[in-house]
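Each chain, written out:
2 protein chains.
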Amino acid sequence: MTAPAIILIDPQMGENIGAAARAMMNCGLSDLRLVRPRDGWPNPAADAMSSGALGKMPPVQIFDTTEEALSGFHFVLATTARPRDMTKSVFTARAAATELQKRDADNQKTAILFGAERAGLSNDDVALAHGVITIPLNPDFSSLNLGQAVLLTCYEWYQAQDDTPPQSRPSGNSEPATHEQMVELLERLENELEAHHFFRTDGQKPIMIRNLRNMLLRADMTDQETRTFHGIISALTGKKSPLSDK
Amino acid sequence: MTAPAIILIDPQMGENIGAAARAMMNCGLSDLRLVRPRDGWPNPAADAMSSGALGKMPPVQIFDTTEEALSGFHFVLATTARPRDMTKSVFTARAAATELQKRDADNQKTAILFGAERAGLSNDDVALAHGVITIPLNPDFSSLNLGQAVLLTCYEWYQAQDDTPPQSRPSGNSEPATHEQMVELLERLENELEAHHFFRTDGQKPIMIRNLRNMLLRADMTDQETRTFHGIISALTGKKSPLSDK
Numbered sequence: 001m002t003a004p005a006i007i008l009i010d011p012q013m014g015e016n017i018g019a020a021a022r023a024m025m026n027c028g029l030s031d032l033r034l035v036r037p038r039d040g041w042p043n044p045a046a047d048a049m050s051s052g053a054l055g056k057m058p059p060v061q062i063f064d065t066t067e068e069a070l071s072g073f074h075f076v077l078a079t080t081a082r083p084r085d086m087t088k089s090v091f092t093a094r095a096a097a098t099e100l101q102k103r104d105a106d107n108q109k110t111a112i113l114f115g116a117e118r119a120g121l122s123n124d125d126v127a128l129a130h131g132v133i134t135i136p137l138n139p140d141f142s143s144l145n146l147g148q149a150v151l152l153t154c155y156e157w158y159q160a161q162d163d164t165p166p167q168s169r170p171s172g173n174s175e176p177a178t179h180e181q182m183v184e185l186l187e188r189l190e191n192e193l194e195a196h197h198f199f200r201t202d203g204q205k206p207i208m209i210r211n212l213r214n215m216l217l218r219a220d221m222t223d224q225e226t227r228t229f230h231g232i233i234s235a236l237t238g239k240k241s242p243l244s245d246k
Numbered sequence: 001m002t003a004p005a006i007i008l009i010d011p012q013m014g015e016n017i018g019a020a021a022r023a024m025m026n027c028g029l030s031d032l033r034l035v036r037p038r039d040g041w042p043n044p045a046a047d048a049m050s051s052g053a054l055g056k057m058p059p060v061q062i063f064d065t066t067e068e069a070l071s072g073f074h075f076v077l078a079t080t081a082r083p084r085d086m087t088k089s090v091f092t093a094r095a096a097a098t099e100l101q102k103r104d105a106d107n108q109k110t111a112i113l114f115g116a117e118r119a120g121l122s123n124d125d126v127a128l129a130h131g132v133i134t135i136p137l138n139p140d141f142s143s144l145n146l147g148q149a150v151l152l153t154c155y156e157w158y159q160a161q162d163d164t165p166p167q168s169r170p171s172g173n174s175e176p177a178t179h180e181q182m183v184e185l186l187e188r189l190e191n192e193l194e195a196h197h198f199f200r201t202d203g204q205k206p207i208m209i210r211n212l213r214n215m216l217l218r219a220d221m222t223d224q225e226t227r228t229f230h231g232i233i234s235a236l237t238g239k240k241s242p243l244s245d246k
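Taken in order, these protein sequences are the chains called A and B. Position 189 of the first sequence, counted from 1, bears residue number 189 in this note's numbering, the numbering being contiguous throughout. Position 116 of the second sequence, counted from 1, bears residue number 116 in this note's numbering, the numbering being contiguous throughout.
Source of the hints: derived by calculation from the structure; they are not laboratory data. Certain hints may be false.
Straight-line alpha carbon distances no greater than 16 angstroms define the calculated EDC-like cross-link-like pairs of lysine to aspartate or glutamate that follow [said to hold, decoys possible]: (1) Lys-109(B) / Glu-68(B); (2) Lys-240(A) / Asp-202(A); (3) Lys-56(B) / Asp-140(A); (4) Lys-240(B) / Glu-187(B); (5) Lys-56(A) / Glu-68(B); (6) Lys-88(B) / Asp-124(B); (7) Lys-239(A) / Asp-140(B); (8) Lys-239(B) / Glu-192(A).
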C-alpha cells in the first residue's frame, strides 16, 4: 500500500507544517511536499511542532509551482472548505480515502492538495485536480486549521486501509496518464485554441481554461488516450503533434 | 440529538483547551467541562486558540473532581492511548460514536473523558467510565496532542449522525448532458475526424470510435460542456457548429 503524498501550497506558519507532518506520521503517510513555504525550509517551528515526525520521514521536498510538485502523479484530490463553481466530483474525506486506495491498488500515484491557511487553494490549483475533498462539519462553524484538515484527511485514509478490497480499472491494459502527460495535452490544446481565437476575450480566458481542464481531467485518461487526443488535435488543425500521434 | 459532553481532566496548556473547544464546535458539540485546569479559568491562550468557539458555546464548567464533573451522566467513555489492565469494553472512535448515539436515542446523557497532556487519564478516572476509546493509528507513531484527540473523537461523532452522501454528483450549476447531446457531439467529432483523415484505415475506425466514445463519456459532461466542446471543434477546424457555440 503506497500512501498519498500530502502537498501544502503556500503554507505560512511553520507550526502548521509541523502539525501536518505529525498528523501524517500518526496515520502512516510520509511523502510531504511544500510549494513556496513562506518562511523557507528547513523551519525550526515546524521541527518543534512535528514531535519528531519530520525526523522519521523522508526529506520534505520543496517546489516552486504546484505543477512541478505534481509531476509523476496520476490521481490528485484538492481539499476545499467552500464549494467552488466547478464541475468536479466531490468526495467526503471518508469516500476520498476509499477512492485513493482503489487508485493505489491500480498502481496509480496519488496526492492531496491543501491550500494556504486563510485563502485555501486557488481555483487554478483546484482545476489541476481530478476531484475535490470536502470534510463534512458543522455548517455554522466549519473552519479547520491546516494541521487539523491534514489530520482528518489522513485519519480517514488510515481507517480505510484494512478493508478496502483491491479493485482494478474496469477496462483496458493501458497505464493511467501522468500529471505531466495531462498538462502537456491541456497546454497544447489551449495554445491551439488561442491560435484559433477560441477565447473571445482575455477576461474569459482563465475561466474557460479552468472549465476545460475540469472537464478533461474528469475523463481520467490513460496514457494511450492522451496520445489519441493529441491525434485528434493534429487531425483537426492539420499540425503534427510534438509526440508521435496515436 | 444531544451531543456528548467533553471533560478534560487536569489540562495544562490553554492552547489545548482552545483547540479542543474549536474542534467541538466544528463537530456540533458544546458542553465543555474542565477538572482542575492548571492555569485556572478563564484563560486568554484558550480564547485565542478557540477561534471564537468559546464565545459561541455555553460557559465552560469547572470542577474539582472527576466525580463532580460526571454528576448526572449515564454513560461515560474514557480515551486512552495505551491499553490498561482493566476489564472494560474497548471502542474505536468510530464504534464509540455509534454507541454514544444509541445511548442518546435512549435518553442517556453521555460524556467522554480526556486526560492530561502527557500523563493521560489516571486508572481511577478510567475506572469511572463504562468503556474505553482507543483511536486506531500508526502503532509506531501514535501520540496525538490533546486537541487532535478531541478532534478525531468529535469528528467521528459528527460523521455518525451526518447524512451527507459520501460522494455527490459533480458540483456546479449546469445540468448533465443528455444522451442525445452526447451523441450529437460525438458524431460531429467523428465526422470531422473522418474528413481530416484521422482514421488511418477503415478496419481501425470502429475500434477507434469506440475508444473515443469511452473516453469522452467518462468525462460525464454537462450540457454547458458539450457546447464548449462544440466550440473547440469549431475553433480548431474553422467550421461553425450546428449549434450556437459555447
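Status of the hints after comparison with the structure:
In summary, the hint linking Lys-109(B) to Glu-68(B) is supported, as the alpha carbons are separated by about 15 angstroms, within the 16 angstroms threshold. The hinted pair formed by Lys-240(A) and Asp-202(A) fails the criterion: a straight-line CA distance of about 27 angstroms is larger than 16 angstroms. Using a Cα cut-off of 16 angstroms, the hinted pair Lys-56(B) and Asp-140(A) holds, with the two alpha carbons roughly 10 angstroms apart. Restraint check for Lys-240(B) and Glu-187(B): the C-alpha separation of about 15 angstroms stays at or below 16 angstroms, so the hint holds.
A hinted pair counts as satisfied when its Cα atoms are at most 16 angstroms apart, and Lys-56(A) with Glu-68(B) does not qualify at roughly 42 angstroms. Distance check on the hinted pair: Lys-88(B) and Asp-124(B) sit about 13 angstroms apart at the alpha-carbon level, within 16 angstroms; holds. With a C-alpha separation of about 56 angstroms, the suggested pair Lys-239(A) and Asp-140(B) falls outside the 16 angstroms cut-off, and the hint is violated. Our distance criterion of 16 angstroms between C-alpha atoms is met by Lys-239(B) and Glu-192(A), whose separation comes to about 15 angstroms.
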